[in-house]
Amino acid sequence: MKPELADLCRQLRLAHVVEHVALQQDEQLHGVVLQLLTAELDGRRRAKLGKLVQQAGFPHIKTFEGYVYDHISFPSGSSPAMLLELGWLERKENLLLMGAVGTGKTHMATALGVEACRQGKAVQFYRASDLVALLQEKFASGTVNRLREKLRKADLLILDEVGYVPFSQTGSELLFNVIADCYERQSVIVTSNLEFGQWTSIFGDTKLTSALVDRLVHHAHILSFTGESFRFKQAMERVPV
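Note that this note's numbering has the sequence shown beginning at 11, numbered continuously upward.
I should point out that these hints are in silico values taken from the structure, not numbers from a laboratory. Misleading hints may appear alongside valid ones.
Unchecked claim - Straight-line alpha carbon distances no greater than 30 Å define the calculated DSSO-like cross-link-like pairs of lysine-lysine that follow:
(1) K58 x K163
(2) K163 x K217
(3) K58 x K148
(4) K58 x K160
Said to hold, decoys possible - Simulated restraints, written as ranges between beta carbons of each label pair:
(5) R195 x H81: 31 to 37 Å
(6) P85 x Q64: 31 to 37 Å
(7) R162 x H70: 22 to 28 Å
(8) A49 x S234: 42 to 48 Å
(9) H70 x G130: 19 to 25 Å
Where is the CB? At the ideal position from N, CA and C, for every residue including glycine.
Turn these sequences into a full structure, and let the hints steer you where they fit.
Take a look at the structure:
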């Protein structure tokens, strides 16, 4: 029996099928079964991808097709290829995407999240302010631990737009607990328009902010996004001369 057929049966957990086909001395039958099982595996993968993408909560689906990296400063040991290989995700490392509004941080975070879904990883995407609001709502109703448990099941947590809206003390503490849960257990992608020294204006408490940043930057790749806003540039290009 062809090795690829045995491998397909193993992936699909069809032990009895592989035993039956192995007894048949019929190459044509082997070929037909191989085609059918390949189609079944492809279908299962598409269905799983669709489910993972839906559960992730991406506001829009983004990919790296046509994505420009010229305005991004990568730290030593990091590169576009390294990001796409997702080895950092396997190692529970974080990505911190820092820079001005409209420079492609959310696009990159989303595209990496979609790629993680393609590789069978569970992803959760939240705008930081939305997650804090949800945490506060669940805290008030006494069900915040259920939400934290849901977040702990993700391989990758994406926190978008940290720095746009300041949080209350309770909100800051709840978000800190989520990030503490992730530390060295899951990967986190954060996008922010503020330098770390300005995060106190968002989280309020200096000690809490320091502890939160310390957990994020340990085992992290920090990418700096420069240049003007793509959205502003595109808007200006549409203005009649």
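Consistency of the hints with the structure:
For the hint pairing K58 with K163, the CA-to-CA distance comes to about 16 Å; that is within 30 Å, so the pair holds. At roughly 28 Å between alpha-carbon atoms, K163 and K217 fall within 30 Å of each other, so this suggested pair holds. Using a Cα cut-off of 30 Å, the hinted pair K58 and K148 holds, with the two alpha carbons roughly 29 Å apart. The suggested pairing of K58 with K160 holds, with an alpha-carbon distance near 18 Å, which does not exceed 30 Å.
One distance hint, 31 to 37 Å for the beta-carbon pair R195 and H81, holds here, with the actual separation near 32 Å. Checked against the hint of 31 to 37 Å, the C-beta distance between P85 and Q64 comes to roughly 33 Å, which is consistent with it. Between R162 and H70 the C-beta distance comes to about 26 Å, which sits within the given range of 22 to 28 Å. Evaluation of the 42 to 48 Å hint for A49 and S234 yields a pass: the beta carbon distance comes to about 45 Å.
Separation of H70 from G130 is about 22 Å and conforms to the stated range, judged on CB atoms against 19 to 25 Å.
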